[in-house]
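Novice: Generate coordinates for the entire structure from the input sequences, incorporating the hints supplied.
Protein chains: 2
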Amino acid sequence: MKIAILGAGGLGKAAARIIEQKKEIRIVAACDNSGFAIDEKGIKPENVYNLKKNESVASIGKKSFDAIGEIIKKSRIIDGILITLPNLPNEFIPSVAKRFLQNGYEGAFSDPLKKTQAMKIMFKMHAFFKKKKSAYITGTGATPGLLTAAAVIAAQSFIKINKVDIFWGVGIENWEEYKGTIREDIANLPGYSLKKARAMSNEQIEKLLDRTNGILRFRDMEHADDILLKKIGIVDKLSQVSVGGVMDTRHAKKPVTTTMRLTGRTFDGKISSHKFMLGDETTMASNVLGPALGYLKRAIWLKKNGIYGVFGSTEFMPMFVK
Amino acid sequence: MKIAILGAGGLGKAAARIIEQKKEIRIVAACDNSGFAIDEKGIKPENVYNLKKNESVASIGKKSFDAIGEIIKKSRIIDGILITLPNLPNEFIPSVAKRFLQNGYEGAFSDPLKKTQAMKIMFKMHAFFKKKKSAYITGTGATPGLLTAAAVIAAQSFIKINKVDIFWGVGIENWEEYKGTIREDIANLPGYSLKKARAMSNEQIEKLLDRTNGILRFRDMEHADDILLKKIGIVDKLSQVSVGGVMDTRHAKKPVTTTMRLTGRTFDGKISSHKFMLGDETTMASNVLGPALGYLKRAIWLKKNGIYGVFGSTEFMPMFVK
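Protein chains in written order, with this note's numbering: chain A, 1 to 322; chain B, 323 to 644.
Rather than coming from a laboratory, the hints here were simulated on the basis of the structure. All values reported here derive from a predicted model rather than from experimental measurement. Any given hint could turn out to be false.
Chain B regions said to be covered by chain A (calculated; three or more residues, Cβ under 8 angstroms) [claimed, not checked]:
1. 386 to 394
2. 622 to 635
With a Cα cut of at most 20 angstroms, we get these calculated EDC-like pairs of lysine to aspartate or glutamate [stated by the list, open to error]:
3. B:K529 x B:E498
4. A:K230 x A:E206
5. B:K597 x A:D280
6. B:K485 x A:D280
7. B:K482 x A:E24
8. A:K2 x A:D79
9. A:K322 x B:E495
10. A:K270 x B:D602
11. A:K23 x A:D39
12. B:K324 x B:E392
13. B:K518 x B:E495
14. B:K597 x A:E222
15. A:K270 x B:E495
16. B:K592 x A:D236
17. B:K592 x A:D39
18. B:K592 x A:D210
19. B:K345 x A:D268
20. B:K575 x B:E495
21. A:K131 x A:D79
22. A:K22 x B:E495
23. B:K485 x A:E281
24. B:K344 x A:D165
25. B:K366 x A:D268
26. B:K553 x A:E24
27. A:K160 x B:E603
A virtual CB, placed ideally from N, CA and C, is assigned to each residue, including glycine.
Specialist: Encoded structure:
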């Protein structure tokens with residue numbers, strides 16, 4: 001699989017670390033907002049993940065005001081595109097994907113997108129992706145993604161699903177490595193919005209974290225698990241799905257065990273819950289980018305098999321990447 | 323989905339009970355070894371699950387020495403076939419599926435097959451199914467099936483999988499309802515074989531159960547979870563997958579919680595385990611036939627999308643059946 005990584009922040013770098021240990025994947029293109037690198041023979045993953053905090057992909061490639069445009073020019077060498085761009089605003093990622101197709105790319109995409117609103121925009125492009133013979137799988141991270149797919153498996157035992165509760169624990173030693181995704185999470189706190197979170201300086205975020213001892217607690221987050229499960233009929237109402245979590249931004253140890261719990265009624269009238277629990281030692285990087293690459297392999301498979309469109313991570317099993 | 327149910331023992335009847343509560347499915351054909359029923363407008367599920375212990379499908383349809391042959395004659399009305407026949411000997415289920423295709427059926431199959439040897443015979447027919455434009459998903463019950471699919475999801479977070487441990491608890495009030503599947507399980511006990519288990523009279527099984535107070539304990543069972551996970555590269559060696567369990571044949575309450583535990587190494591060198599646990603209140607019927615129907619919907623989808631062959635339940639996500 002010759003892939004492009006769009007976005008070289010925390011998620012993009014973590015993807016590069018994982019890819020270094022996966023024989024099946026070669027990075028042939030990477031970019032951020034000020035630079036790009038393209039090499040059909042393969043960009044060394046370490047060149048991506050060794051980029052320093054404020055260092056651009058330009059330092060291993062070329063500077064550009066339109067790095068995505070540069071990658072699009074060479075997109076015929078790309079089997080699949082992993083999108084690890086910050087999704088602020090909601091239209092950004094959908095517009096990038098659209099631009100690839102408008103400029104002749106026919107291929108596959110995987111995107112660990114979290115926000116319901118952004119995903120709705122993606123799904124509206126289903127017909128366009130079909131026309132352009134491309135396959136896009138969205139919501140391919142941990143939640144939605146890994147845990148939502150586990151909910152699809154769990155749902156099999158039940159006639160009627162009452163609720164799906166996803167509660168995650170994340171521990172990160174240094175929040176600044178995940179600036180983009182943490183801003184998206186902060187947007188879920190009472191009194192915050194995407195716009196407000198995006199406008200916050202690092203210092204303001206530090207201040208917020210000082211007040212909470214580095215701990216952020218979330219309830220009823222806007223996570224697209226709900227529309228992904230409703231799309232395939234597992235729940236009837238979005239309110240049956242709840243996503244919450246606890247993030248410790250100062251310690252790698254998880255404050256709680258990440259758990260998906262699906263509760264339903266069986267044909268013989270029993271109410272019961274199946275659970276999927278992630279090992280506490282596994283990090284956000286493993287649980288988000290592992291699935292995102294597994295789904296990218298599936299998206300490439302879909303494209304190869306002539307199945308085109310925009311799909312949720314609940315619609316297909318991720319494939320295992322060796 | 324207009325489906326046929328082959329085999330009207332405990333599993334076939336449980337399927338009928340589930341289907342009664344699923345709007346999307348209509349039973350258009352059913353059979354056992356001495357009779358069959360066919361009705362394109364739909365056979366009432368209760369007519370199937372109300373059959374008494376020694377009553378044949380003939381009593382709601384017609385007697386026949388070749389019930390399967392009769393269904394094959396009308397197979398153009400069937401979208402998908404659920405196979406709930408006892409798999410003794412290993413060649414039996416594969417030979418039934420083959421016969422459908424040899425006689426002009428083009429469609430979809432789901433089969434909650436458990437035995438490695440039987441599944442190997444199925445996979446050898448991959449090219450034949452491709453040629454006959456049919457899709458067959460095998461191992462679509464609980465294990466393999468529900469729990470093996472959960473292992474595929476769990477594997478996403480890891481670079482290298484060390485082991486997959488499946489340990490199930492089953493409680494059934496009356497083992498005679500599941501004569502076929504329990505004989506298959508007994509074959510796994512030390513000193514037994516499929517042939518020997520099959521030859522046992524009900525009285526001999528009662529005697530065996532009396533000695534163990536109705537409890538059967540299994541370790542390192544021949545379950546096809548191993549070849550299904552190896553087929554897609556999640557494990558390199560079959561020995562990395564172990565299946566065991568405890569069955570209480572006298573109480574509905576499960577003696578242990580059914581758990582799939584996948585242990586692996588992450589890209590950052592951590593050893594950890596993800597777990598998938600089934601609610602204790604859910605029965606074997608829910609956990610085997612629910613997935614089997616979800617996979618049948620997927621098999622019909624595969625056929626519709628021109629993807630033919632024999633596949634494992636680890637290769638595709640089951641679909642949710644409303």
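Novice: Now tell me, hint by hint, if it's right for this structure.
Specialist: Verification of the supplied hints:
A stretch counts as covered by a chain when three or more of its residues have a beta carbon under 8 angstroms from one of that chain; for the region 386 to 394 of chain B and chain A the count is 0, and the coverage is violated. Given as covered by chain A, the region 622 to 635 of chain B passes the check, having 3 residues with a CB less than 8 angstroms from a CB of that chain where 3 are the minimum. About 13 angstroms separates the Cα atoms of K529 of chain B and E498 of chain B, which keeps this hinted pair within 20 angstroms; it holds. At roughly 37 angstroms between alpha-carbon atoms, K230 of chain A and E206 of chain A are farther apart than 20 angstroms, so this suggested pair is violated.
Distance hint between K597 of chain B and D280 of chain A is fulfilled; the C-alpha atoms sit about 11 angstroms from each other, no more than 20 angstroms. Distance check on the hinted pair: K485 of chain B and D280 of chain A sit about 17 angstroms apart at the alpha-carbon level, within 20 angstroms; holds. The straight-line distance between the Cα atoms of K482 of chain B and E24 of chain A is roughly 14 angstroms, inside the 20 angstroms bound, and the hint therefore holds. For the given pair, K2 of chain A sits about 5 angstroms from D79 of chain A by alpha-carbon distance, which is consistent with the 20 angstroms threshold.
For the suggested pair K322 of chain A and E495 of chain B, the alpha carbons sit about 44 angstroms apart, so the restraint of at most 20 angstroms is broken. The hinted pair formed by K270 of chain A and D602 of chain B meets the criterion: a straight-line CA distance of about 10 angstroms does not exceed 20 angstroms. Taken as a hint, the K23 of chain A and D39 of chain A pair is honoured in the structure, with Cα atoms around 17 angstroms apart against an allowance of 20 angstroms. A hinted pair counts as satisfied when its Cα atoms are at most 20 angstroms apart, and K324 of chain B with E392 of chain B qualifies at roughly 17 angstroms.
Between the alpha carbons of K518 of chain B and E495 of chain B the distance comes to roughly 24 angstroms, so the proposed pair goes past 20 angstroms and is violated. At roughly 26 angstroms between alpha-carbon atoms, K597 of chain B and E222 of chain A are farther apart than 20 angstroms, so this suggested pair is violated. Note on K270 of chain A and E495 of chain B: the hinted pairing holds, with a Cα-Cα distance of about 16 angstroms set against a maximum of 20 angstroms. About 39 angstroms separates the Cα atoms of K592 of chain B and D236 of chain A, which puts this hinted pair outside 20 angstroms; it is violated.
The straight-line distance between the Cα atoms of K592 of chain B and D39 of chain A is roughly 31 angstroms, outside the 20 angstroms bound, and the hint therefore fails. Taken as a hint, the K592 of chain B and D210 of chain A pair is broken in the structure, with Cα atoms around 29 angstroms apart against an allowance of 20 angstroms. At roughly 16 angstroms between alpha-carbon atoms, K345 of chain B and D268 of chain A fall within 20 angstroms of each other, so this suggested pair holds. Restraint check for K575 of chain B and E495 of chain B: satisfied, since their Cα atoms lie roughly 8 angstroms apart, inside the 20 angstroms limit.
Only pairs whose Cα atoms come within 20 angstroms are accepted, and K131 of chain A paired with D79 of chain A is accepted, the gap being roughly 18 angstroms. At roughly 48 angstroms between alpha-carbon atoms, K22 of chain A and E495 of chain B are farther apart than 20 angstroms, so this suggested pair is violated. With a C-alpha separation of about 16 angstroms, the suggested pairing of K485 of chain B with E281 of chain A holds against the 20 angstroms cut-off. For the suggested pair K344 of chain B and D165 of chain A, the alpha carbons sit about 24 angstroms apart, so the restraint of at most 20 angstroms is broken.
The suggested pairing of K366 of chain B with D268 of chain A holds, with an alpha-carbon distance near 18 angstroms, which does not exceed 20 angstroms. This hinted pair checks out: K553 of chain B and E24 of chain A have alpha carbons roughly 16 angstroms apart, not beyond 20 angstroms. Between K160 of chain A and E603 of chain B the alpha-carbon distance is near 15 angstroms, which keeps this suggested pair within the 20 angstroms criterion.
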